[in-house]
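Chemist: Protein chains in written order, with numbering that gives the first Met the number 0: chain A, 0 to 250; chain B, 0 to 250.
Worth flagging that the hints you see were computed from the coordinates, not collected in a lab.
Some clues are possibly wrong.
Copies of the same chain look alike in the list, so a pair counts if it fits in one copy or across any two.
Unchecked claim - Lysine-lysine pairs mimicking DSS-like chemistry, simulated, CA-CA at most 27 angstroms apart:
(1) Lys-225 <-> Lys-147
(2) Lys-225 <-> Lys-33
(3) Lys-63 <-> Lys-7
(4) Lys-220 <-> Lys-147
(5) Lys-147 <-> Lys-15
(6) Lys-174 <-> Lys-70
(7) Lys-195 <-> Lys-147
(8) Lys-185 <-> Lys-225
(9) Lys-225 <-> Lys-91
(10) Lys-225 <-> Lys-162
(11) Lys-15 <-> Lys-91
(12) Lys-225 <-> Lys-8
(13) Lys-225 <-> Lys-30
(14) Lys-195 <-> Lys-185
(15) Lys-195 <-> Lys-225
(16) Lys-91 <-> Lys-220
Protein chains: 2
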Amino acid sequence: MVTKNQIKKIKSLRLKKNRLQLGWFCVEGLKIVKDFLNQNNTLVVLYTTENQVHHFKDYSTPSKIVVTSQKVLDQISNLTNAPEVIAVFEQKQPDLPNSTTLGNNTSFLVLDGIQDPGNLGTIIRLADWFGITNIICSLHTTDCYATKVVQASMGSLARVSIKYQNLSDFFTKNKLPVYGAFLEGKRSIDVAIANKEAYVLVMGSEAHGISSEIEAFVTQKITIPKSNRDSNIESLNVASATAILLSQFSV
Amino acid sequence: MVTKNQIKKIKSLRLKKNRLQLGWFCVEGLKIVKDFLNQNNTLVVLYTTENQVHHFKDYSTPSKIVVTSQKVLDQISNLTNAPEVIAVFEQKQPDLPNSTTLGNNTSFLVLDGIQDPGNLGTIIRLADWFGITNIICSLHTTDCYATKVVQASMGSLARVSIKYQNLSDFFTKNKLPVYGAFLEGKRSIDVAIANKEAYVLVMGSEAHGISSEIEAFVTQKITIPKSNRDSNIESLNVASATAILLSQFSV
Numbered sequence: 000m001v002t003k004n005q006i007k008k009i010k011s012l013r014l015k016k017n018r019l020q021l022g023w024f025c026v027e028g029l030k031i032v033k034d035f036l037n038q039n040n041t042l043v044v045l046y047t048t049e050n051q052v053h054h055f056k057d058y059s060t061p062s063k064i065v066v067t068s069q070k071v072l073d074q075i076s077n078l079t080n081a082p083e084v085i086a087v088f089e090q091k092q093p094d095l096p097n098s099t100t101l102g103n104n105t106s107f108l109v110l111d112g113i114q115d116p117g118n119l120g121t122i123i124r125l126a127d128w129f130g131i132t133n134i135i136c137s138l139h140t141t142d143c144y145a146t147k148v149v150q151a152s153m154g155s156l157a158r159v160s161i162k163y164q165n166l167s168d169f170f171t172k173n174k175l176p177v178y179g180a181f182l183e184g185k186r187s188i189d190v191a192i193a194n195k196e197a198y199v200l201v202m203g204s205e206a207h208g209i210s211s212e213i214e215a216f217v218t219q220k221i222t223i224p225k226s227n228r229d230s231n232i233e234s235l236n237v238a239s240a241t242a243i244l245l246s247q248f249s250v
Numbered sequence: 000m001v002t003k004n005q006i007k008k009i010k011s012l013r014l015k016k017n018r019l020q021l022g023w024f025c026v027e028g029l030k031i032v033k034d035f036l037n038q039n040n041t042l043v044v045l046y047t048t049e050n051q052v053h054h055f056k057d058y059s060t061p062s063k064i065v066v067t068s069q070k071v072l073d074q075i076s077n078l079t080n081a082p083e084v085i086a087v088f089e090q091k092q093p094d095l096p097n098s099t100t101l102g103n104n105t106s107f108l109v110l111d112g113i114q115d116p117g118n119l120g121t122i123i124r125l126a127d128w129f130g131i132t133n134i135i136c137s138l139h140t141t142d143c144y145a146t147k148v149v150q151a152s153m154g155s156l157a158r159v160s161i162k163y164q165n166l167s168d169f170f171t172k173n174k175l176p177v178y179g180a181f182l183e184g185k186r187s188i189d190v191a192i193a194n195k196e197a198y199v200l201v202m203g204s205e206a207h208g209i210s211s212e213i214e215a216f217v218t219q220k221i222t223i224p225k226s227n228r229d230s231n232i233e234s235l236n237v238a239s240a241t242a243i244l245l246s247q248f249s250v
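Next up, chain A with everything else stripped away, as it sits in the complex (with noise of 0.2 angstroms):
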């Protein structure tokens, strides 16, 4: 049985002063659920149809798992078509291997001021691929907890780091290299196939790029190449431009 108050509870999570305030953030769908389960996420509960349930017979805390019927599910969804397991996770404050010394060989992506949730989940998505597992988002970062994020980040989320702060902070202790992406600079993948070392990647935001504040913590300062002369498009979008840039460091 979910009473009322419990529905009303989970989908409050739709917004970011609830999540912040319970700790909590909502995942669905089967294959999302398993990642963060298998990346020891602390469960707060999960709702699934007697269909499913079968996927969980397994979990530690077999309290946790609510058998409930689809028409509940419906109600407490988020996506246009809910699915038949939708889970409440724990938020993480993760502690971040520190950047303050050269040859850990740890990489960090920082993202100063992503504002589309559909760009971060992406770019989460790509963090794990190539296997940067440390974010550093600017404390005027989208949430990474909300549902566009979550959904779109594909259950990367379950495996990456990530850390809002302020990002001064960061960059006045650390040592490593930092690479920012701009629409003047070197060539990047010159620069990505001289670099052997770990490194520090900056994404700016996709109105404003790089805030001058962090622009003067950038050692190197990259460009994708436009090999279209004649066309006047100013930009790639921040989530593809950070795929070529990870590409091309991981060369």
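Once you've looked at the hints, dock chain B against the given chain A.
Modeler: Relative to the frame of chain A, chain B by itself:
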């Protein structure tokens, strides 16, 4: 004065069947509309406010520029926040250069069933950036004149030629090398660096990849290696993968 019937007709363009029947599509926002006008697309009608009409004072057919209220634009718009400029253009039926002659230095991007409008828009923007002006879409690829595609392409749709056709017809006549993105294949960067000729790059659908019918035409399967071997991430988003491959082929 904009009549109710006119508003209804413009609004009807949110459906593909109406876009096909009228041969029209809708573009919203000053910057994108200007891109389409600058690329000599045929304007059907343009609605704008008193505030913004000065941007179009040099347009050759002033009778097609209609000044109206923001309230009317709110009614016409397909976006959550209606802009001050909305235009209707005629769809183009592009004659693409053929790929039956080698050495003409024209490359093609082939999309085999892309479903997500945001992905298609992002891919069109990437093609524009990397100088691929010819895109062939399978008949089951999402319509490039849908609102979300037009807006995500950020005006690049005005500069890139897109043709919907039976892909087998295209490939049986094609003489260029055909690279296809697969989860298993040769390391894409090696192939790209070795390739200095015009090429065809095929990207498959989000859910099913390249269909087996089209796989038969692929002369070289390529893949983007996953750096994070511990991760159980299965694939990259198709727009991210297209970004990486086009950037590598343009090196």
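Chemist: Taking the hints in turn, state whether each one holds.
Modeler: Hint check results:
1. Lys-225 <-> Lys-147: between (30 angstroms within a copy, 24 angstroms between copies)
2. Lys-225 <-> Lys-33: Close across copies (21 angstroms), not inside one copy (40 angstroms); limit 27 angstroms.
3. Lys-63 <-> Lys-7: Within. Shortest intra-copy distance 18 angstroms satisfies the 27 angstroms Cα cut-off; inter-copy 51 angstroms does not.
4. Lys-220 <-> Lys-147: For Lys-220 and Lys-147, neither the intra-copy (31 angstroms) nor the inter-copy (32 angstroms) Cα distance is at most 27 angstroms.
5. Lys-147 <-> Lys-15: both (12 angstroms within a copy, 26 angstroms between copies)
6. Lys-174 <-> Lys-70: Classified as neither; 53 angstroms inside a copy, 55 angstroms across copies.
7. Lys-195 <-> Lys-147: neither (34 angstroms within a copy, 40 angstroms between copies)
8. Lys-185 <-> Lys-225: both (13 angstroms within a copy, 26 angstroms between copies)
9. Lys-225 <-> Lys-91: Only across copies: Lys-225 and Lys-91 sit 25 angstroms apart there, 39 angstroms inside one copy, limit 27 angstroms.
10. Lys-225 <-> Lys-162: between (32 angstroms within a copy, 23 angstroms between copies)
11. Lys-15 <-> Lys-91: within (15 angstroms within a copy, 44 angstroms between copies)
12. Lys-225 <-> Lys-8: neither (48 angstroms within a copy, 39 angstroms between copies)
13. Lys-225 <-> Lys-30: between (38 angstroms within a copy, 20 angstroms between copies)
14. Lys-195 <-> Lys-185: The answer is both: 17 angstroms in one copy and 23 angstroms across copies each meet 27 angstroms.
15. Lys-195 <-> Lys-225: both (25 angstroms within a copy, 17 angstroms between copies)
16. Lys-91 <-> Lys-220: neither (32 angstroms within a copy, 40 angstroms between copies)
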